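Trainee: Those protein sequences? They're chains A and B, same order as listed. Start counting the first sequence at 1; every next residue gets the next number (my numbering). Start counting the second sequence at 1; every next residue gets the next number (my numbering).
Any given hint could turn out to be false.
[To be verified] Here are the computed lysine to aspartate or glutamate pairs in the EDC-like style, where the Cα-Cα straight-line distance is at most 16 Å:
{"no.": "1", "chain 1": "B", "residue 1": "Lys240", "chain 2": "B", "residue 2": "Glu263"}
{"no.": "2", "chain 1": "A", "residue 1": "Lys42", "chain 2": "B", "residue 2": "Asp281"}
{"no.": "3", "chain 1": "B", "residue 1": "Lys74", "chain 2": "A", "residue 2": "Glu44"}
[Unchecked claim] Pair by pair, the computed Cβ-Cβ distance ranges are:
{"no.": "4", "chain 1": "B", "residue 1": "Lys299", "chain 2": "A", "residue 2": "Ala129", "range": "58 to 68 Å"}
{"no.": "5", "chain 1": "A", "residue 1": "Asp48", "chain 2": "B", "residue 2": "Glu298", "range": "25 to 35 Å"}
{"no.": "6", "chain 1": "B", "residue 1": "Glu22", "chain 2": "A", "residue 2": "Lys63", "range": "42 to 52 Å"}
{"no.": "7", "chain 1": "B", "residue 1": "Thr213", "chain 2": "A", "residue 2": "Asp255", "range": "20 to 30 Å"}
Worth flagging that the hints you see were computed from the coordinates, not collected in a lab. Small disclaimer: the values here were computed from a predicted structure and weren't measured. Each residue gets a CB set at the ideal place from its N, CA and C atoms; glycine is no exception.
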Amino acid sequence: MLKDYEVAVTKAQKLPGRMFFLEFEAPGLAKKCEPGEFVMLKVEPGTDPFLRRAFSVFYTEPKRGKLAILGKSYGFGTTRLREKKAGDRLKMAGPLGNRFGQAKKKETALLVAGGVGLAPLYFYQQVLAAERRKETYLFLGTRTKAEALALKRLMPQTVNLQIATDDGSYGYEGRVTDLLEKWLEKNRSGQVLRLLSCGPDPMMAKTVELAGKFDLPIEVSLETAMACGWGICIGCAVKSVPDEKTASEFPKTPDGFIFQRACVDGPVFNGHRVVWESDGPA
Amino acid sequence: MARRSPPLKVKPDLKINFAGLEFANPVLVASGTFNYGEEMAKFYPLSKLGGIVTKSITKKPRPGHPFPRTYETKGGMLNAIGLANPGIEKFLSKKMPFLRTLGTRLVVNIAGSTVEEFVELAQRLSDVEGIDALEVNISCPNVKEGGLEFSATPQPAFRVLSAVRKATRLPLVAKLSPNTADIGAVARAAEEAGMEGVSLINTLVGMAVDLKTRRPILSNVTGGLSGPAVKPVALAMVYKVARQVKIPIMAIGGICNAADALEFMLGGATLVQIGTANFTDPLAAPRAVEGIEDFLKEKNIPSVGQLVGSLRTPAEEIDSSPKRPKLDELRVQT
Ligand SMILES: Cc1cc2nc3c(=O)[nH]c(=O)nc-3n(C[C@H](O)[C@H](O)[C@H](O)COP(=O)(O)OP(=O)(O)OC[C@H]3O[C@@H](n4cnc5c(N)ncnc54)[C@H](O)[C@@H]3O)c2cc1C
Ligand SMILES: Cc1cc2nc3c(=O)[nH]c(=O)nc-3n(C[C@H](O)[C@H](O)[C@H](O)COP(=O)(O)O)c2cc1C
Ligand code: FES
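Whole structure, please, built from the sequences with the hints as guidance.
Mentor: This is the structure:
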């Protein structure tokens with residue numbers, strides 16, 4: 001069952017680079033949410049903004065009834081969300097969408113995050129680490145040192161964290177995908193590896209390209225703009241290469257692809273099948 | 001001084017008759033804002049609704065338009081989904097089995113690009129068990145063919161609707177477009193064509209531009225505007241149509257809650273459809289049902305049907321009888 005919960009902000013923190021962190025008292029969702037799933041937040045009651053905003057779950061603490069998200073403000077809704085204070089109440093529907101695939105035996109997961117794309121991957125790492133003791137490496141790209149440190153501080157539990165900053169002020173200088181490529185060149189052979197990625201589209205597209213080059217499976221968590229978040233508007237079309245297993249209610253496009261709904265067929269997709277469009281999701 | 005009557009002790013009657021069909025309550029959900037019910041059944045039992053109107057079904061499956069298909073605007077949104085749907089055959093085999101189990105009225109929305117396609121769809125659905133009525137979508141603004149040209153003027157509307165009328169015994173509701181000079185004239189054409197009812201409004205043609213890229217935001221360039229922003233337009237149109245036809249009206253357009261629904265009923269709607277509000281509040285529709293019941297209790301009104309068309313209007317307006325076209329006038333031009 002899905003539910004629309006009323007949740008209260010328990011911790012609110014503004015982070016550098018227009019990012020923000022919010023923790024909620026949300027016992028129902030904290031119990032239910034799994035890595036990869038997302039929630040739809042009604043930023044304000046009424047019409048300003050009208051539609052909800054989608055956020056991946058960053059972590060849950062089921063025993064304490066807590067659920068956290070990591071955001072970045074772009075437009076009106078996320079700018080308002082960044083101003084939320086402890087005690088503010090809002091509506092949160094979930095858990096929505098699919099999950100990351102289960103780790104296989106002897107498999108090492110490489111988590112490739114761009115900025116707040118970190119959220120679902122950190123959640124994956126925490127659950128996996130806690131439950132299955134699988135090895136994971138977390139590659140995080142940010143623009144600046146301040147952003148990197150702010151995010152690092154929010155995940156005291158993380159392991160095998162490697163950071164790349166665009167300006168080289170912290171960690172590896174350059175793109176996180178370059179850092180990943182170097183790592184793969186050194187460590188690819190003899191390992192069973194799997195890639196998971198979330199971040200800006202160009203970053204994910206590049207990660208998929210590397211997955212191809214090193215012959216690795218990859219899951220990507222997409223942030224396709226959504227109107228509803230629960231499957232009823234058919235707005236969140238993700239173009240992908242069809243295969244026998246891919247379920248789509250809709251027929252092929254004239255150019256031979258299929259549209260899937262990011263909110264119910266995703267947001268986690270097989271990266272090798274996603275068609276990245278230059279003027280697709282922002 | 002008028003004495004206030006005490007609040008109702010008995011449960012008010014939410015049941016309401018529309019074109020010979022009894023609905024458990026006046027709240028339905030609008031086509032394209034509820035898919036085929038499966039997703040929303042995860043939020044609440046759909047038997048709480050007066051009925052469901054399905055996403056438009058076309059003869060052949062349609063992939064829909066490329067992304068981006070939606071865009072938030074002030075108090076509403078634009079959409080150009082492009083009638084993405086699995087097509088009638090998959091609808092019958094994959095969606096109907098579930099829809100039959102819901103215990104609520106089922107209105108299937110059909111869309112064609114030609115008169116023949118509308119007729120074929122109506123014939124195919126005619127004897128399907130579990131369908132209570134068809135909503136004939138002659139008003140989709142987002143497709144090249146079969147969209148607005150059927151509903152912008154009375155003659156084409158009359159032509160397609162009278163052909164559909166002959167193709168099925170199911171009760172028919174024509175879904176009208178606000179993108180017309182005179183929605184009253186199109187509604188009268190629908191009545192003359194033998195429709196049991198009309199539903200209005202579909203979305204208003206709208207557009208959004210990205211200043212940074214100098215491009216339209218939607219892949220289809222234009223889309224349909226919906227949500228609270230369109231409510232006043234819809235209300236005026238329902239009010240206008242209610243005074244020009246005898247057949248009952250389903251009101252659509254920005255309805256988010258019981259108050260909105262009741263306003264449309266006063267304006268002349270028998271039933272209402274909740275659309276875009278399903279995207280922002282998954283429980284909007286069942287809450288509207290509860291809210292209507294509360295209103296009736298509070299105002300001591302025993303039956304919801306009493307509200308229909310009960311708007312108090314200036315006397316001269318009530319007297320004005322609209323000009324009704326003669327059947328011949330319509331036929332001459334078809
Ligand atoms: C499954 C999923 C998970 C997400 N997880 C996170 C997360 O963990 N942290 C985070 O910071 N952001 C996340 N996002 C992106 C976030 O939802 C958007 O940044 C946000 O909706 C933009 O709202 P706005 O008010 O800033 O933009 P506006 O431009 O004001 O929004 C207008 C409309 O477009 C939609 N929209 C615009 N940009 C995006 C976008 N990039 N993605 C989705 N919808 C968009 C909005 O929801 C809204 O309906 C996620 C998106 C999805 C689909
Ligand atoms: C995303 C979306 C998809 C829609 N798809 C259809 C459709 O397939 N057929 C149809 O007749 N109307 C469709 N509509 C129009 C709605 O049924 C309704 O007439 C309109 O949105 C106005 O009501 P609202 O403001 O309550 O949403 C769609 C509307 C939206 C927002
Ligand atoms: S966001 Fe509405 S169907 Fe996916």
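Trainee: Indicate, hint by hint, whether the structure satisfies it.
Mentor: Consistency of the hints with the structure:
Distance hint between Lys240(B) and Glu263(B) is fulfilled; the C-alpha atoms sit about 14 Å from each other, no more than 16 Å. About 9 Å separates the Cα atoms of Lys42(A) and Asp281(B), which keeps this hinted pair within 16 Å; it holds. Between the alpha carbons of Lys74(B) and Glu44(A) the distance comes to roughly 14 Å, so the proposed pair stays at or under 16 Å and holds. A C-beta distance of roughly 59 Å is found between Lys299(B) and Ala129(A), which places it inside the suggested range of 58 to 68 Å.
The supplied range of 25 to 35 Å is met by Asp48(A) and Glu298(B), whose beta-carbon atoms lie about 29 Å from each other. Restraint check, Glu22(B) to Lys63(A): a C-beta distance of roughly 50 Å satisfies the suggested window 42 to 52 Å. For Thr213(B) paired with Asp255(A), a C-beta distance near 22 Å keeps the hint of 20 to 30 Å intact.
In the structure shown, no violation is registered for any of the earlier numbered hints.
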